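> Sequence:
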Amino acid sequence: MFRGSEPPRKDMTMIILKALATLMFLIIPTEGRTVHRATAVTISPEIISGMTRMVNLTSKAEKFTKTFVRGRGTLKTLNFEGGVRPLREPPVKATVNQLIYGPGCKYTEEFEKRKCKDVLTWDIDSAIVSPLNLPVNTTVRLIGKNRTVTVALDFNGASNLTWSSRNGNPSKRKRLSALMEPKCHFSAEASFNGYIAFHLEEVRGDMPKDDAFNIVALRNPTERLEVRDNMLVYNVTGTFQHTLLCKGDTTKPNGKIPRSV
1 MFRGSEPPRK
11 DMTMIILKAL
21 ATLMFLIIPT
31 EGRTVHRATA
41 VTISPEIISG
51 MTRMVNLTSK
61 AEKFTKTFVR
71 GRGTLKTLNF
81 EGGVRPLREP
91 PVKATVNQLI
101 YGPGCKYTEE
111 FEKRKCKDVL
121 TWDIDSAIVS
131 PLNLPVNTTV
141 RLIGKNRTVT
151 VALDFNGASN
161 LTWSSRNGNP
171 SKRKRLSALM
181 EPKCHFSAEA
191 SFNGYIAFHL
201 EEVRGDMPKD
211 DAFNIVALRN
221 PTERLEVRDN
231 MLVYNVTGTF
241 QHTLLCKGDT
251 TKPNGKIPRS
261 V
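All residue numbers for the sequence shown refer to the UniProt record's numbering, where the first residue is 1 and numbers rise by one.
Calculated directly from the structure, the hints in this document are not laboratory data.
Nothing here was measured: the structure is a model prediction, and the numbers come from that model.
Be careful, since some hints might not be right.
[Unchecked claim] Derived pair list, reagent style BS3-like, types lysine-lysine, alpha-carbon separation capped at 25 Å: (1) K93 - K63; (2) K183 - K145; (3) K115 - K66; (4) K93 - K247; (5) K183 - K63; (6) K76 - K115; (7) K76 - K209; (8) K115 - K247; (9) K183 - K247; (10) K145 - K115.
Make the full structure from the sequences, and use the hints.
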């Protein structure tokens, strides 16, 4: 990149810091990287807790099955993955697309403090719970370090996900002050493809004891359960906040942090 004589070490350090701080987070491949798992906070399904609304796919499936059976049997078990089913009706599989971050989390300031820890928080306002995990990796550029970190998230049943660059409870560390707290909205599309199997007891008429139905039957636009390409999709949304906690004085670096839109 450079030609001629090598620039002084101090100038080189400043150039590197400016380049690394242009974007606070990047969505990049995770192959060959260490993946760190976030800590999840869960709430009871099918309730509104604070700013989190949780959609419960299991209860939706139970309600649909009972409506379909209409008194011709008693629902005994419900299986997203197991159960007795024809080969042409495969179990449900869940996938989560990469997170999409909105404006407000770009960080372009110079930063030189070293005794700091990055705390990453995903507060979820539209959540979903089912018997299936909803894993996805996201890569975030740390403000207080010259590196990125890949964090493993699982959105199933979660109302909050948190990861810290250092161990310990941030609130119990002495003389730690929040230098900056950029935040932005995020979204991640979860999709479900396959059949839900159910087993009945006390069947009447020609109702089979074992049957299955396509999960797309749970479509409900009012609760943001949509259908696309023969898959049931739900958009997990919330607010991402990147807090930088530093030891010592609370002097902030020069410049301004972009506001969330």
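> Hint numbers the structure violates, sorted upward?
3, 4, 5, 6
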